[in-house]
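All residue numbers for the sequence shown refer to the UniProt record's numbering, where the first residue is 1 and numbers rise by one.
Worth flagging that the hints you see were computed from the coordinates, not collected in a lab.
For clarity, every value in this text was computed on a predicted model and none was experimentally measured.
Each hint should be verified, as a subset may be incorrect.
Stated by the list, open to error - Under the rule of at most 16 Å between Cα atoms (straight-line distance), these lysine to aspartate or glutamate pairs were calculated in the EDC-like manner:
1. 746 - 776
2. 377 - 244
3. 762 - 657
4. 762 - 698
5. 377 - 365
6. 377 - 286
Stated by the list, open to error - Restraint-style ranges between C-beta atoms, simulated for each label pair:
7. 159 - 593: 49 to 55 Å
8. 225 - 773: 49 to 55 Å
9. 773 - 704: 26 to 32 Å
10. 225 - 733: 19 to 25 Å
11. 522 - 185: 50 to 56 Å
12. 183 - 117: 21 to 27 Å
Cβ atoms here follow ideal geometry from the backbone N, Cα and C, with glycine treated the same way.
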Amino acid sequence: MAIVKRAARPRPVAVAPADDDDDDDTGTSSDSDGAAKPQSFGDPIGGRYQRLAVIGSGSFGRVYRAVDNRTGEIVAVKCLFRAFNDPYGIVLESDVTDEVRALEACRGHPHIVQLIDHGRRPRHDGPVVGTGADAYIVMELVGPSLLDTICQRGTDAGARRYPESEVRHLMRQLLSAVGRMHVLGLMHRDLKPSNVLVDGRGVLKLCDLGMAFAMEESIPPYSNPVGSLPYKAPELLLRSSIYDETIDMWALGCIMAQLLGGQLLFRGMSHEDMLIRIIQVLGVDDIAGWRGYDDSMIPKTLRSGRRRHSRVLRIFSFLRVAVGAGVPEPVKRARRRSRLHRFFSILGKADGRAGLPELSEAGFEVLSGLLTCNPEKRMTAAQALQHRWFTVLLANELLCQALSTFRALATASSWEAPRRKPTASAHRQYRYWAPPHPPAAALPPHSAPSPPASAEAPLGDPIGGRYQRMSRIGSGTYGHVYRAVEISTGKVVAVKCLRRKDDDPDGLVLAGEVRALEACRGHPHIVQLIDHGRGAGAATGQEDYIVMELVGPSLDLTIRQRGDDAAARRYAEGDVRLLMRQLISGVRGMHEVGLMHRDLKPDNVLVDGSGNLKICDLGFARTMTKDKEESAPPYSNPIAALAYRPPEVILGSTTYDETVDSWGLGCIMAELLAGERLLIGTTDEELLVRIADVLGMDDISGWSGYEDCMIPKILTKIRRRSSRLRQMFALPGRGGGPGRRPELSKAGYQVLSGLLRCSPEKRMTAAQALQHRWFDV
Numbered sequence: 001m002a003i004v005k006r007a008a009r010p011r012p013v014a015v016a017p018a019d020d021d022d023d024d025d026t027g028t029s030s031d032s033d034g035a036a037k038p039q040s041f042g043d044p045i046g047g048r049y050q051r052l053a054v055i056g057s058g059s060f061g062r063v064y065r066a067v068d069n070r071t072g073e074i075v076a077v078k079c080l081f082r083a084f085n086d087p088y089g090i091v092l093e094s095d096v097t098d099e100v101r102a103l104e105a106c107r108g109h110p111h112i113v114q115l116i117d118h119g120r121r122p123r124h125d126g127p128v129v130g131t132g133a134d135a136y137i138v139m140e141l142v143g144p145s146l147l148d149t150i151c152q153r154g155t156d157a158g159a160r161r162y163p164e165s166e167v168r169h170l171m172r173q174l175l176s177a178v179g180r181m182h183v184l185g186l187m188h189r190d191l192k193p194s195n196v197l198v199d200g201r202g203v204l205k206l207c208d209l210g211m212a213f214a215m216e217e218s219i220p221p222y223s224n225p226v227g228s229l230p231y232k233a234p235e236l237l238l239r240s241s242i243y244d245e246t247i248d249m250w251a252l253g254c255i256m257a258q259l260l261g262g263q264l265l266f267r268g269m270s271h272e273d274m275l276i277r278i279i280q281v282l283g284v285d286d287i288a289g290w291r292g293y294d295d296s297m298i299p300k301t302l303r304s305g306r307r308r309h310s311r312v313l314r315i316f317s318f319l320r321v322a323v324g325a326g327v328p329e330p331v332k333r334a335r336r337r338s339r340l341h342r343f344f345s346i347l348g349k350a351d352g353r354a355g356l357p358e359l360s361e362a363g364f365e366v367l368s369g370l371l372t373c374n375p376e377k378r379m380t381a382a383q384a385l386q387h388r389w390f391t392v393l394l395a396n397e398l399l400c401q402a403l404s405t406f407r408a409l410a411t412a413s414s415w416e417a418p419r420r421k422p423t424a425s426a427h428r429q430y431r432y433w434a435p436p437h438p439p440a441a442a443l444p445p446h447s448a449p450s451p452p453a454s455a456e457a458p459l460g461d462p463i464g465g466r467y468q469r470m471s472r473i474g475s476g477t478y479g480h481v482y483r484a485v486e487i488s489t490g491k492v493v494a495v496k497c498l499r500r501k502d503d504d505p506d507g508l509v510l511a512g513e514v515r516a517l518e519a520c521r522g523h524p525h526i527v528q529l530i531d532h533g534r535g536a537g538a539a540t541g542q543e544d545y546i547v548m549e550l551v552g553p554s555l556d557l558t559i560r561q562r563g564d565d566a567a568a569r570r571y572a573e574g575d576v577r578l579l580m581r582q583l584i585s586g587v588r589g590m591h592e593v594g595l596m597h598r599d600l601k602p603d604n605v606l607v608d609g610s611g612n613l614k615i616c617d618l619g620f621a622r623t624m625t626k627d628k629e630e631s632a633p634p635y636s637n638p639i640a641a642l643a644y645r646p647p648e649v650i651l652g653s654t655t656y657d658e659t660v661d662s663w664g665l666g667c668i669m670a671e672l673l674a675g676e677r678l679l680i681g682t683t684d685e686e687l688l689v690r691i692a693d694v695l696g697m698d699d700i701s702g703w704s705g706y707e708d709c710m711i712p713k714i715l716t717k718i719r720r721r722s723s724r725l726r727q728m729f730a731l732p733g734r735g736g737g738p739g740r741r742p743e744l745s746k747a748g749y750q751v752l753s754g755l756l757r758c759s760p761e762k763r764m765t766a767a768q769a770l771q772h773r774w775f776d777v
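Take the sequences, apply the hints, and build the full model.
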């Protein structure tokens with residue numbers, strides 16, 4: 001791994017240019033057919049990423065929520081601008097290179113934000129400042145910062161405190177991420193809650209690796225100052241330039257204390273104030289034993305006299321106390337030994353005091369190990385993760401109790417920066433979080449998310465000895481789906497447990513789904529496989545399991561929770577376009593590897609905390625390679641849920657192809673637009689009648705396989721020949737709105753009608769749909 005060293009240079013002063021489009025394009029707009037666009041402004045970044053909203057700003061640029069026009073994925077784009085004293089962008093180019101290489105080195109870690117793309121404008125011959133982003137970094141969109149989540153728990157420290165069990169769960173994730181960076185030879189150098197993001201499942205991810213430094217490529221001295229004042233280690237406050245990765249461990253200790261206490265443990269307006277506070281809490285004995293301690297410059301006026309306080313005076317030597325000023329009053333009150341334990345009620349100790357945050361002895365050992373003034377004695381990430389506080393899993397303790405709290409807070413949190421001209425629909429669509437706490441905006445009127453559950457005990461023995469089940473989140477014919485915690489890492493996952501039946505002694509159901517998930521590995525809109533195997537038996541003694549990423553609620557649940565009636569559940573066309581782009585991209589990815597899903601429905605689509613869709617439940621997926629006998633027709637029938645079953649399958653065909661998935665996509669698109677299912681029936685015959693009534697008989701009767709099917713008599717009595725699908729949707733501005741028909745542009749209707757063709761030979765494929773001009777917006 002090669003990472004460019006960050007030089008010790010002053011940071012340039014940058015001014016982010018104002019967006020000329022901000023005042024003009026804050027609402028929705030229309031395409032040539034009158035379709036409503038999602039809120040956006042400015043030209044696509046890099047010609048690909050359309051900005052939707054500002055979610056953060058800083059001295060050197062802005063962070064936007066954006067949509068990838070190629071895939072429909074919702075991402076975060078960090079736009080950086082060259083400074084006035086860096087007209088040629090030399091410093092900016094180096095900084096971007098450093099951050100990108102750090103992100104690339106950490107690629108794949110579950111608790112470090114993931115890099116998607118990056119780019120920059122060509123360097124100009126002359127200075128060009130304030131004309132737009134000079135560089136951009138595209139990353140996954142996660143959620144609010146840990147700082148926002150802490151602050152929104154309440155206004156006082158008592159309300160902001162986290163129970164020890166939740167702090168353990170969060171610290172395991174942070175230590176795992178920091179430990180990975182240290183193994184790669186990287187120091188983060190700016191750890192703080194605002195640089196930790198929380199997704200909809202309560203999973204933490206480190207971000208902002210702009211100050212990350214590769215230790216292997218250089219030897220000290222390193223640049224100083226680095227980091228934020230409340231999280232700076234004592235050696236940094238003493239202006240040392242000979243530090244190592246243990247400065248990150250000090251910051252983790254400060255974060256841990258802040259989570260437990262609900263407020264900063266060390267507060268000060270300057271380096272001097274911070275050192276005074278640290279010594280008052282931790283004493284001077286520890287820092288005085290540091291080998292780098294005597295290297296500080298000590299004025300002669302402080303070397304002589306007052307031997308009782310000689311160690312303290314040396315620590316404060318850089319204060320340059322004037323002759324005759326005497327010893328600062330805080331120094332006189334400085335303590336020799338730590339009194340950190342006085343700030344917590346240690347469980348099991350007789351001197352525990354009421355009103356203080358509670359902490360076990362094991363937890364205090366970790367905290368005091370991280371908050372050791374002497375960097376040579378400070379606990380490393382690897383040592384912390386091996387401590388008994390993390391390795392012991394108590395049967396009566398919920399390790400992922402933090403999830404419910406984070407979901408409720410993240411749902412209620414409007415963590416995006418407000419636009420200049422906010423609109424009623426500006427942020428209503430894409431803030432979905434994992435159940436059981438749906439977005440407040442998605443609930444019916446006069447309803448609110450239920451309060452977080454207090455605790456839930458682990459269910460049974462760990463699956464495969466690695467995954468502790470915490471709660472059931474789904475059930476089906478073949479088994480159950482659990483939210484679980486990987487014991488070794490603290491990662492929250494979804495585990496699908498399959499009961500092996502008598503007619504499947506070899507576990508073919510498991511093998512088929514695993515093969516399909518492995519074939520689709522890496523696609524952003526298909527749920528990702530983590531692990532699989534055979535666990536300790538359930539009722540039959542044979543229980544297989546599949547471990548996948550935990551995403552969020554189903555699209556079906558999200559639709560239903562928008563309101564009680566169809567009009568309230570409708571999505572605007574611009575939003576449907578974003579969602580369908582993602583769904584069709586996922587289906588096309590399956591088709592490209594020779595797979596049919598065969599059970600597409602909103603129940604089998606998951607929505608993560610950023611609004612990204614992921615197709616799941618590939619248990620019915622089937623290969624369709626025509627040159628292999630085992631993959632060629634005939635295929636099984638029936639397939640798919642009734643409301644999403646295509647006509648050829650209802651008519652009994654066993655020679656269908658991947659266009660059965662296109663029909664499912666069309667049904668989902670119509671449901672999103674109308675707020676209810678378009679084609680409803682309690683039996684195959686009723687559904688066929690409904691399809692013929694809406695789409696007519698001309699199309700299905702023209703299918704080459706129609707004559708070979710058993711046609712119900714009632715179907716021959718239907719007189720409607722042509723489709724009336726267009727009549728069910730109004731053109732934008734012509735009769736749509738609440739209580740009326742849903743609106744759909746001409747281009748959007750072309751996609752919908754192309755997917756809902758009764759003849760599979762004329763039905764639009766996923767690849768053809770993505771090439772349609774409706775998705776070019």
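Do the hints match the structure? See the list:
no., hint, result
1, 746 - 776, "holds (14 Å)"
2, 377 - 244, "holds (12 Å)"
3, 762 - 657, "holds (12 Å)"
4, 762 - 698, "holds (12 Å)"
5, 377 - 365, "holds (13 Å)"
6, 377 - 286, "holds (9 Å)"
7, 159 - 593: 49 to 55 Å, "holds (50 Å)"
8, 225 - 773: 49 to 55 Å, "holds (53 Å)"
9, 773 - 704: 26 to 32 Å, "holds (29 Å)"
10, 225 - 733: 19 to 25 Å, "violated (57 Å)"
11, 522 - 185: 50 to 56 Å, "violated (27 Å)"
12, 183 - 117: 21 to 27 Å, "holds (26 Å)"
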